[in-house]
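Protein chains in written order, with our numbering: chain C, 1 to 160; chain P, 1 to 291.
Everything labelled a hint here was simulated from the structure, so no lab data went into it.
In this text, a Cβ means the ideal position worked out from N, Cα and C, and glycines have one as well.
Relax, there's no trap hidden among the hints.
Okay, the calculated bits of chain C under chain P, using three or more residues with CB under 8 Å as the criterion:
1) 52-65
2) 100-112
3) 127-137
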Amino acid sequence: MRAADPGLAGRRVVLALALLGLALSAYLTAEHYTGSSTLACSASGVVDCLRVTTSPQSVLLGVPVAVWGLLYFAGMTMLAVPPAWRRAGLHRLRIVAAVTGMTFVLYLLYTELFTLDAVCLWCTAVHVVTAALLLAVLLVDPHSGVTATPRPAARQARPG
Amino acid sequence: MSHTDSRARTAARQRERSAALRARQQAARRRRLAAVAAATTIVVITAALLVTRMITGGQGTAATTGAEPGVIAEVTHVPATVLDAVGAGQGASGPTPITGAPALTTAGKPRIVYLGAEYCPYCAAERWAVVQALSRFGTFSGLGQTRSAAADVYPNTATLSFHGATYSSAYLVFDGYEQQSNQRAGGSYAPLDPVPADVTQLAGTYGQGGIPFVDLGGAAVINGADYSPSLLAGKSQAQIAAALSDASSPIAKAVLGEANRISATLCTLTGGQPGAVCRSAGVQAAAHARG
Numbered sequence: 001m002r003a004a005d006p007g008l009a010g011r012r013v014v015l016a017l018a019l020l021g022l023a024l025s026a027y028l029t030a031e032h033y034t035g036s037s038t039l040a041c042s043a044s045g046v047v048d049c050l051r052v053t054t055s056p057q058s059v060l061l062g063v064p065v066a067v068w069g070l071l072y073f074a075g076m077t078m079l080a081v082p083p084a085w086r087r088a089g090l091h092r093l094r095i096v097a098a099v100t101g102m103t104f105v106l107y108l109l110y111t112e113l114f115t116l117d118a119v120c121l122w123c124t125a126v127h128v129v130t131a132a133l134l135l136a137v138l139l140v141d142p143h144s145g146v147t148a149t150p151r152p153a154a155r156q157a158r159p160g
Numbered sequence: 001m002s003h004t005d006s007r008a009r010t011a012a013r014q015r016e017r018s019a020a021l022r023a024r025q026q027a028a029r030r031r032r033l034a035a036v037a038a039a040t041t042i043v044v045i046t047a048a049l050l051v052t053r054m055i056t057g058g059q060g061t062a063a064t065t066g067a068e069p070g071v072i073a074e075v076t077h078v079p080a081t082v083l084d085a086v087g088a089g090q091g092a093s094g095p096t097p098i099t100g101a102p103a104l105t106t107a108g109k110p111r112i113v114y115l116g117a118e119y120c121p122y123c124a125a126e127r128w129a130v131v132q133a134l135s136r137f138g139t140f141s142g143l144g145q146t147r148s149a150a151a152d153v154y155p156n157t158a159t160l161s162f163h164g165a166t167y168s169s170a171y172l173v174f175d176g177y178e179q180q181s182n183q184r185a186g187g188s189y190a191p192l193d194p195v196p197a198d199v200t201q202l203a204g205t206y207g208q209g210g211i212p213f214v215d216l217g218g219a220a221v222i223n224g225a226d227y228s229p230s231l232l233a234g235k236s237q238a239q240i241a242a243a244l245s246d247a248s249s250p251i252a253k254a255v256l257g258e259a260n261r262i263s264a265t266l267c268t269l270t271g272g273q274p275g276a277v278c279r280s281a282g283v284q285a286a287a288h289a290r291g
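Sequences and hints are given; from them, build the entire structure.
Structure, rendered in structure tokens:
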């Protein structure tokens with residue numbers, strides 16, 4: 001009988017957050033390429049998604065920020081699927097990616113507050129997910145219940 | 001196997017298990033510490049940004065200044081070859097003809113009325129084409145240089161301003177009104193040019209309730225921007241003006257395409273004068289596209 005895996009819940013949370021971020025980024029990317037014409041967000045005062053998503057700062061190095069977000073969460077999702085947890089060396093990459101994502105979010109928050117004078121609620125949702133993802137990645141035990149499991153390839157290679 | 005060996009092995013296994021448990025507990029403690037440190041850092045930086053934003057009140061919009069001579073020269077003297085190459089352009093829809101409206105004239109000349117505001121991003125986009133087109137029929141002086149409001153869509157779109165500008169032409173009369181600046185005053189923007197009642201009435205009759213509103217001699221109107229301000233995003237006035245000399249640039253295709261379309265309408269008002277403008281390939285192509 002296999003023992004209960006205390007790290008499983010944490011790994012599931014990481015995957016769920018990555019998928020949630022992916023969905024939010026996909027929505028913002030679709031809105032970017034359709035001129036943000038159907039963006040479901042308030043447009044009054046400081047909270048104004050359209051002002052943020054149509055600003056010059058919504059594009060970085062020629063690529064829309066929403067697409068950068070989509071790529072980031074797609075990468076994090078790949079790092080959070082069950083097979084990826086079996087490779088111990090990937091956890092360091094997971095942490096580096098999560099810290100990089102959070103640093104970028106703080107830059108975007110600065111841009112919203114000081115350059116654009118507007119806050120986009122959908123973007124804020126992505127920012128919260130990114131922060132939660134960083135904390136979940138830092139808290140999760142990447143080895144629990146994973147390294148103890150023999151790799152199928154190793155089992156096959158063993159004679160008898 | 002002796003009983004003593006068995007007890008020693010059991011004790012060794014217990015020690016290993018204890019050591020492994022301690023290692024796991026230490027690792028868990030390190031992870032918790034890292035998470036707490038990260039959460040604290042995020043909260044502190046976010047709070048610092050929010051407090052600073054509340055204290056400083058954010059970034060305002062740059063006030064209007066006199067236009068750079070180089071910018072004006074490039075906008076008002078676009079080479080005819082570029083205008084002809086662009087023709088009806090791309091991404092510009094041009095003025096909408098109106099029927100049944102009385103001819104709008106001043107002292108026997110067709111009158112062009114522009115109603116907009118400096119904070120307005122759509123006015124910011126449309127002004128480039130209006131200035132370019134009218135410059136082929138006359139001469140502007142005193143044009144301003146400004147940006148749309150930072151606190152609006154398409155923030156800080158670089159543009160020109162008609163506030164304080166004058167226009168002289170042998171063919172047309174132009175009256176431009178920037179009813180508000182781009183500077184906050186109370187809950188809105190500071191008032192700028194007083195708008196005469198007849199202009200308000202024109203906008204109410206032929207406009208759609210928004211700005212910019214341009215009435216081209218009672219023959220056609222422009223309601224809103226005929227091309228997207230997003231084309232100008234992140235560009236300075238100098239960059240936009242420079243792009244107008246490159247017929248292949250998206251800015252030239254939109255701005256000059258719209259300018260040619262406006263010129264085609266103006267030519268119907270001036271009886272095809274000046275001929276060099278109204279017979280030019282660019283204006284003819286725009287007139288043909290208008291149908």
